[in-house]
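Novice: Build the full structure now, drawing on both the sequences and the hints.
Number of protein chains: 6
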Amino acid sequence: MDKKKLSHVDDKGRAKMVDVSGKEITVREATARGEVRMTAGTLKLIQEKGIPKGDVLPVAQLAGIMAAKKTHELIPMCHPLALTGVDVDFEIREDEPVIDVISHVKTRDRTGVEMEALTAVSVAALTIYDMCKAVERGIKITNIRLVSKSGGKSGEYISE
Amino acid sequence: MDKKKLSHVDDKGRAKMVDVSGKEITVREATARGEVRMTAGTLKLIQEKGIPKGDVLPVAQLAGIMAAKKTHELIPMCHPLALTGVDVDFEIREDEPVIDVISHVKTRDRTGVEMEALTAVSVAALTIYDMCKAVERGIKITNIRLVSKSGGKSGEYISE
Amino acid sequence: MDKKKLSHVDDKGRAKMVDVSGKEITVREATARGEVRMTAGTLKLIQEKGIPKGDVLPVAQLAGIMAAKKTHELIPMCHPLALTGVDVDFEIREDEPVIDVISHVKTRDRTGVEMEALTAVSVAALTIYDMCKAVERGIKITNIRLVSKSGGKSGEYISE
Amino acid sequence: MDKKKLSHVDDKGRAKMVDVSGKEITVREATARGEVRMTAGTLKLIQEKGIPKGDVLPVAQLAGIMAAKKTHELIPMCHPLALTGVDVDFEIREDEPVIDVISHVKTRDRTGVEMEALTAVSVAALTIYDMCKAVERGIKITNIRLVSKSGGKSGEYISE
Amino acid sequence: MDKKKLSHVDDKGRAKMVDVSGKEITVREATARGEVRMTAGTLKLIQEKGIPKGDVLPVAQLAGIMAAKKTHELIPMCHPLALTGVDVDFEIREDEPVIDVISHVKTRDRTGVEMEALTAVSVAALTIYDMCKAVERGIKITNIRLVSKSGGKSGEYISE
Amino acid sequence: MDKKKLSHVDDKGRAKMVDVSGKEITVREATARGEVRMTAGTLKLIQEKGIPKGDVLPVAQLAGIMAAKKTHELIPMCHPLALTGVDVDFEIREDEPVIDVISHVKTRDRTGVEMEALTAVSVAALTIYDMCKAVERGIKITNIRLVSKSGGKSGEYISE
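Residue numbers (the working numbering), protein chains in the order written: chain X, 1 to 160; chain L, 1 to 160; chain Y, 1 to 160; chain C, 1 to 160; chain D, 1 to 160; chain H, 1 to 160.
Derived from the structure by calculation, the hints contain no laboratory data.
Incorrect hints may have been included.
Any copy will do: because identical chains look the same in the list, a pair fits if it lies in one copy or spans two.
[What the hints assert, rightly or not] Within a straight-line C-alpha distance of at most 25 angstroms, the following computed SDA-like cross-link-like pairs (lysine to any residue) qualify:
hint, residue 1, residue 2
1, K53, E24
2, K23, R33
3, K140, D100
4, K49, R137
5, K44, I25
6, K140, P97
7, K44, E136
8, K153, T39
9, K140, E24
10, K140, I92
11, K133, R33
Specialist: Here it is in structure tokens:
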């Protein structure tokens, strides 16, 4: 009755939420960035609060912060973490034209917050797209990357 | 290429999930209250379990407890907290007539649970409205306030 | 083997998500209001964007809109509805001092959006509390009520 | 004005999210199992990746892991816990035919993870049903139980 | 530059949320059942409302209804559906002893609600376990199955 | 008592979930793409299922599909939509090396699914990052854009 057979979801390929219970609680931080590329006309409308759907950047900023708290629901193997701080900000480069999205996330927990920082940037960028898409469909979200992280056994990481 | 310009979401107005990683983990508690005002007829139906949509108070009680756990998803700048206890209860004042909603929330974390207590009260009250709205549309939810809180650096607070 | 016994959660008290599949799809709208009562000093800080946690009203406005979409997750017996529009706004009465929260919700579905409108008001009000609680703990949320609704078999309702 | 009356949701029957703030943080683990019973033909299709909706077991495995993180949203009186590890796996018994679903959940927190382990098994099993229901409606989910738990004051538990 | 290679997640095994946009909107219903097996002592405590965590069945009933609304979040390939009615009930068989969990779900949409009915039963059963686990760890959830479904092209299905 | 003052969240800047109740229900589709750029070594590990956290692409594929269903929770002004189909796939370009993420989303509703398609791509890409970050921190997510959309009054859009 017990002739068991291992499933083809074997140890090699099987996805896991990796056990971090042996890791230490330390302050862990991560900074991520991304770019939203648009026409000069769209950027001007954002700056003048002329987008009919509302003032774009405060909406995108909030969406990014709230998304950081949802990271473990979105990314299947992410641990739920006790985030202790989230900040999302923007820089505008008119000559490109580009809006840079920057997030900074902090925790005191057993694993890092890179994914929270990257998720905050991604959702803030998507929200800029959503607010402006009636005006310009060709907006691109690009160059989303981890800028730095600290805390934890692997030490500090600075990308650039 | 890098002529950056600060966005109009500047440091002054920019919303933040404030960094609490430097705050101590302590037992923190909060009690909140609110009132649901209705006609005597509606209150009587609730007491006699005559509302067609179901027995009102147990549904409202559960909705309040479950909402406390969702506070950080609802209130944009709230931290996700490890709630260690939630209790929601009701008192009935027939002569007004009013149902008082009372919540008590507890955690051991770095920041307080006022919002969790107030959210539990609000959603329990909204649920009473929902269960009874086919009977009375004019029900009012009123006087939602923090009654007391303790734990944390700001010490104890008692409202009245 | 089958001597069944009805549970004590009998037909009378058992909560139900009422069957609305026989109701017609029509445009349905609801407007709700509530009040956030605070000191003149806190109101002034909000108006001057002097609250350290960020510019209060845009955050509260967004929280209200996003909460409308979560109504069926919060209120146990609410149906999930295809919301077609949500608007949240504020009026400031300096002499009280009070911030009035107003929501307007619209759908084309089989049941009304009263709860969505009331939930939007409640969560926007809670968010004002959260943003300002470091400045004033005694803020009260009060007089949350349905102002009007239209669409559906029960016709138009105007509260005042 | 204050002639209060206790609600019928009295202390005896009132549901509570029990206060665990006095309990110690320890490593806590739980293992749960369940069975999905189907025809030999359906099992063969799963093994040969012939189910049109997609490769069944990796989808079920992920659904189980993600559901473990949602346990406190689903089970009303469950505490939100900082899960530190989740693993879901399958064993196939061709002669029954049955797919056994096994979950293992770990935390360092104040209360146990039995419900997380049982929820992971249940949702993984439901997902197998969903992926295969176009092929066989009579699939049964059965024998979901806690296999073992450790950590915490009540010590180790082994079911069989 | 464009020498593309198909990923190994090829058409055969790739999971899909199947396109149902060509299917008709009809009334669709599903009934599911499951069993929670426990000792006579535990069942008696439930019936006498002697379980310390609260009155078990109303909590389980609500959890089941609320879970039906979360089905598409839990089961990866499930479509979000406009549920028009959900009912969860229990039957008690003292001689086994068993609590039968029964759900009935209704929609007017393009695809069926089997998964919603099965999810409601599963989460109601898990909630019974959670409420009683301090009293009895060996409770088993078993025999979860679709009892009947109607509506849609595949016609009526009755399991037994 | 009623000397009302318009809030500074005035009509110009106030964010709105735009009223779409007057728009027609039609089949609407959207396709989006994005790129995940990594080293050849990381790509090889993904292809050989050598990433310790599990087989990367099936996890990313599922995460993308599930995220499409969460779009209205993430993007503040998005309407909840009845998605009728979601497909996420990958193409591998070894010489760059890049994994292209492609999503296709379909609905029959009153507004388009561009945001759902873009959200699916973004979360699938973030999941690839998460699965591989222990191996390579410098992975970049780039060039997320709408490829095409159809249905609705604005007609067909093809980006390239």
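Novice: Using 25 angstroms as the alpha-carbon threshold, which applies to K133 and R33: within, between, both, or neither?
Specialist: both (21 angstroms within a copy, 16 angstroms between copies)
Novice: For the identical chains here, do K53 and E24 meet the 25 angstroms Cα criterion within one copy, between copies, both, or neither?
Specialist: Between. Shortest inter-copy distance 20 angstroms satisfies the 25 angstroms Cα cut-off; intra-copy 45 angstroms does not.
Novice: What label fits K44 with I25 when the C-alpha limit is 25 angstroms: within, between, both, or neither?
Specialist: neither (45 angstroms within a copy, 33 angstroms between copies)
Novice: Using 25 angstroms as the alpha-carbon threshold, which applies to K140 and D100: within, between, both, or neither?
Specialist: both (12 angstroms within a copy, 15 angstroms between copies)
Novice: Give the relationship of K23 and R33 under a CA distance limit of 25 angstroms: within one copy only, between copies only, both, or neither.
Specialist: neither (27 angstroms within a copy, 27 angstroms between copies)
Novice: At most 25 angstroms between alpha carbons: which applies to K153 and T39, within, between, both or neither?
Specialist: Answer is between: at 23 angstroms across copies they meet the 25 angstroms cutoff, but 43 angstroms inside does not.
Novice: How would you label the pair K140, P97 (within, between, both, or neither) given a Cα cut-off of 25 angstroms?
Specialist: both (11 angstroms within a copy, 20 angstroms between copies)
Novice: Using 25 angstroms as the alpha carbon limit, work out where K49 and R137 are close: within a copy, between copies, both or neither.
Specialist: within (18 angstroms within a copy, 33 angstroms between copies)
Novice: 25 angstroms Cα cut-off: does K140 pair with E24 within a copy, between copies, both or neither?
Specialist: neither (39 angstroms within a copy, 28 angstroms between copies)
Novice: First find the shortest C-alpha distance between K140 and I92 inside one copy, then the shortest across copies, and answer within, between, both or neither for a cut-off of 25 angstroms.
Specialist: both (15 angstroms within a copy, 21 angstroms between copies)
Novice: State whether the alpha carbon distance between K44 and E136 is at most 25 angstroms within one copy, between copies, both, or neither.
Specialist: Intra 12 angstroms, inter 37 angstroms, cutoff 25 angstroms: intra-copy only.
In terms of the numbered hints stated before, the structure departs from hints 2, 5, 9, listed from lowest to highest.
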